[in-house]
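J.: Below are the chains, spelled out letter by letter.
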Amino acid sequence: MSVKRSSICGLVLLVAGAAAGACGKNKAGAPGGAAAPAHVAGTPHTDDVLDAWKSAGLKPEGFAALTPTPWVATYCEKGSVGGVDTTVCEYADDGALDRGQQQLKAEWERAGVHTGVAVRTKRTLLSAVDHQLSDPNGKTINKLVQAFRKL
Amino acid sequence: MRRILMFAAGLALVLASATAQATLVHYMSQHPLPRKVGGGFCYIDVSHVHDFGPSDPRMYRQIDGQYYFVGDPSPFNYEGPRSAYYGPHPIVEANVQFGHPEYCYLQGPHYHSYAPPPQASFEMRGGAYWYTGNYEPAYYDQRPRYATVNEAYAPMVYDRPVVDITVVPPGFHGEIVGGGPGWRATAVVGGPPPPVVQVGVGINMGGPPGGVIVEHDGGRHRGWERHDGWRGGPPQRGGWRGEPEHHGGGWRGAPPEQRGGWRGAPPQHANGGWRGAPPQQQANGGWRGAPPQQHGGGGGGAKPSHGGWKR
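Residue numbers (my numbering), protein chains in the order written: chain G, 168 to 318; chain F, -3 to 307.
Just so you know, these hints were derived from the structure itself, not from any lab. Among the hints, erroneous ones may be present.
[Said to hold, decoys possible] List time: in silico EDC-like cross-link candidates among lysine to aspartate or glutamate, alpha-carbon distance up to 16 angstroms:
#1 G:K289 <-> G:E274
#2 G:K317 <-> G:D215
#3 G:K272 <-> F:E75
#4 G:K289 <-> G:E228
#5 G:K289 <-> G:D261
#6 G:K310 <-> F:E75
#7 G:K306 <-> F:E75
#8 F:K32 <-> F:D47
#9 G:K245 <-> G:D265
Keep in mind it's a predicted model, so treat the numbers as computed, not measured.
So that you can see chain F by itself, here it is in the shape it has in the complex (with noise of 0.2 angstroms):
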C-alpha cells in the first residue's frame, strides 16, 4: 500500500512537471488568430510568442520554428494599409528574410499587406501588382505542398480586389483565372462589379476559346465569419505536414484535398519561367488553367481573350 502511495505520489509530481512547462508558439509576422482568442488579427509584425497554434497551418510557411503568415489578410479583420496581388508571385515583405526564395501561391485576385520594393520585378497595371519575373525551381518544388492555401480560401468570401485583368502585363507568366471556389464577393475582372451573374472576360494563353462566368453574391460574407480555423486533419499528400490546428473554432467545411493542392504541370522551359498548366477536371480546388504554353516569349504574346477558369 506504502508503495503504491509513493508510486501515485512520483506520478503527481511527473505530470504536475509536465504541465508546468507552457506550449509557447513562435510567431514571425503578423497573422489571423483564431477564435478561441476572440479572432481578429494579430498587428505584432516582430518575431513573437503566443500560447496558441495557428487556426488554419496552411496559411502559413514554417521557418526555422516559426510561422510566417502567408495569405491575405483581408478576411480576418484586418485593418492596416494593403496592396492589391494578381497571381503567385515571390513574398517580398521588406522586413522578413527568408535567406531562400518563398513565393505566394494564391490564384488571382488577393491582398497582403506589404507592397513589393521597387527593384522587385512586379509591374502595377489594373490595380494589382503582378510579378513578372521568372520563377526559382523552389516555386516549382514546392507548389504541391504549399498551393493548398487556396483551398484555405476556397470556402471565404469576402471582397477581394477589383483588377482589371485586359491590361495584364506582357511579361506575366500565370494566369487568368475569372473566378474560383469562394469568389462569389465583389472581386475580380474588369468589368462593372457587382452584377448577380456577369460573363467576363479571361486570357486565355493557349487555351480553347470560351466565356468566364464569374458570380457575385453581392458581397455577403460567408466561410470565415462562420469556420474559423482548421478542424480537418493534414492533407495527406502534398499538403501541410505539420500538426493540424489543435484548438477549437476551426475550419468545418470539406476536409483538405487528399491529392493536395497543385495539379500542374512542372515547367516546360528553360527560358522563361511558368506559362500555366493543363486544365483540370476536378470539382474541387486545383488548377483550372490554360494549357502549357508555347516555347519563347513568357506570355508577352497573350492577347485578352475568351478562356481561362470556367465553372
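With the rest of the complex left out, here is chain G (with noise of 0.2 angstroms):
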C-alpha cells in the first residue's frame, strides 16, 4: 500500500513539474503548439519596465507572459504591485496599440473598475487597474506611472 501511495505521489511530481517546466518554456518563448509571443524590437519591454519598478521601490509580483496576448497587443505579461493588477504590452506598431486601447477601455467599461489608467510610452503599453481598493489614494499607480514614462 505504501509503495503504491508513493508511486502515485512520484507521478504527481511528474505531471507537475513537466507542467512547470512547460509554463517557464512559455514564458522563455520555447516551440511547442502555439507560436510564443517575442518582444518587441523599439519599445520598452516588460523586463524594463520591471527593473524601472524596482529601482522605484515598488515590488512586483508573479508577471508572466499572457497567451494568447489581449487588446492585439503582440507580447504582454501580467502580474501585480501591490495590489494593484498590472498588464504590459509591446506593439509592432502605433495603429495596434490605438486599437488596444480602445478595447482595453473599453473592457472597463463593461466590467466596471474602481480605478484604471492606461498609459503608453513609445509602442509600450501599461495598465493598471485597482479592483479591491488595494491603492485607494493612487500612490501606487501614480509611482507605476511616472517610473513607466520615464523609460
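Mind docking these for me? Both chains are given alone in their own frames, and the hints should help you get the complex.
T.: See the structure below:
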C-alpha cells in the first residue's frame, strides 16, 4: 500500500514538474504548440519596465507572459504591484496600440473598475487596475506611471 | 400567462444588461476623493478612470469629458508639493494642456500642487505667486460660471497660505481681500498670525478707506471635515451645469447661490486686464472688492491702505 502511494505521489510530481517546465518554456519562448509571443524591438520591454519599477522601490509580483496576448498586442505580461493588477504589453505598430487601448477601455466600461489607468511609452502600453481598493489614494499607481513614462 | 412570463424574462434580461454596463468617470488630474470611498486625495496625475464622480463639481472643469480639479488641494489631506497663489490666475500646470486659456477663480490666498513656469507672468512676493499678466476675454466670460468655486470653499476652514499683501506687485490686477466666508484659519494677510480678531490691512484700489477685520479661530478645522461633497442641487444660473454629485457624503451646507458666483462688472478697459468690481452687499458669497479702477496703470499705482473686504 505504501509502495502504491509513493508511486502515485511520484507520478503527480512528475506531471507537476512537466507542467511547470512547460510554463517556464512558454515565457522563455520555447517552441511547442502555438508560437510563443516574442518581444517587440524598438520599444521598452516588460523586463525593462519591471526593472524600472524595482528601482523606484516598487515590488512587482507574479509577472508572467499572457498567451494569447490580449488587446491585439504582440507581447504581454501580467502581474501585480502593491495589489494593483498590472499588465504591460508591447505593440508592433502605433495603429495596433491605438486599437488595443480602445479595446482595453471598452473592457473596463463593460466590467467596471474602481480605478484604472492606461498609459503608453513608445509602443508599450501599461494598464494598471485597482479592483480591490488596494491603492485607495492612487500613490502606487502614480509611482508605476511615473517610472514607466521615464523609459 | 406564458406571454407575461416571456415579457418578464425579457425585461429582466434588458435590465441585467443595462446594469452590467459600468459607469466610469474620467479624470485628467489629481483630485479630492469623496468620503464614500474613504476621502482624502487621489494622486494619479495622468488621465484615469474611477467608478465614482467628483465630490463637488464646482471644483472641477470638464475638458473633453474629463474632470480637471481646479481647486486648492489643502483641505483634503493633500501631502504633495504645493505653491501659494494670491487671487485669480491662469491655470499653468505644466503637464496639462487645455488648448485654450483656463483660469482659477479662487479669491485671496490659496494653494495649488503646481508652481507657475518661469515664462508665465507671475511674480513671487510676500510668500505667494501673483498673476501680473492680462486676462483673456475668456476669463470674464467664464467668471460667472466658475467663480462658484469660492462658494464651494467658503465653509471649509483650513490653513491657507499666509501672504504679505503689503508687497503686492504693481502688475497685479486682482483684488486684495482680507478674509471671506470660511476664512477662519490661520490664513491671510500680512501681520502676525493668529490673534483671535485682527485688524489687518487691505489694499484699496480706489475704494473707500476702512479697516479689514480678519477673524481667526486658531486653525480649528471645520467645513470639509464634516461635509464631504455635494448634496445640494446644481446652481441654477451661472454655475455648475453638469450632473450634481450623486454619491453619499456631500456638502450639507447651504445650497449653492441661485444667482451664481461672480457679480462683478465686466472689464472696462482695453489696455490692462481686470481691475476689480464694485463692492457687493450680498451677505453670502460673491465679490466684495474695490470699485472699478481708473484708466491705465493696471493697478500699478496701488498703495497699501485701508479698505478691501469687509465683513
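J.: Could you run down the list of hints and mark each one as holding or not?
T.: To see whether the hints hold, each was checked on the structure:
1. Of the supplied pair hints, the one linking K289 of chain G and E274 of chain G is violated, its CA atoms being roughly 22 angstroms apart against a limit of 16 angstroms.
2. Of the pairs offered as hints, the one joining K317 of chain G and D215 of chain G holds, with about 11 angstroms between alpha carbons and a cut-off of 16 angstroms not exceeded.
3. Restraint check: the Cα-Cα separation between K272 of chain G and E75 of chain F comes to about 30 angstroms, which exceeds 16 angstroms; the hinted pair is violated.
4. A threshold of 16 angstroms between alpha carbons decides the hint, and for K289 of chain G with E228 of chain G the separation of about 24 angstroms lies outside it, so the pair is violated.
5. Restraint check: the Cα-Cα separation between K289 of chain G and D261 of chain G comes to about 8 angstroms, which is no more than 16 angstroms; the hinted pair holds.
6. Only pairs whose Cα atoms come within 16 angstroms are accepted, and K310 of chain G paired with E75 of chain F is accepted, the gap being roughly 15 angstroms.
7. Taking the CA atoms of K306 of chain G and E75 of chain F, the gap is about 11 angstroms. The hint holds against a cut of 16 angstroms.
8. Our distance criterion of 16 angstroms between C-alpha atoms is met by K32 of chain F and D47 of chain F, whose separation comes to about 12 angstroms.
9. At most 16 angstroms may separate the alpha-carbon atoms for a hinted pair to count; K245 of chain G and D265 of chain G exceed this at roughly 19 angstroms.
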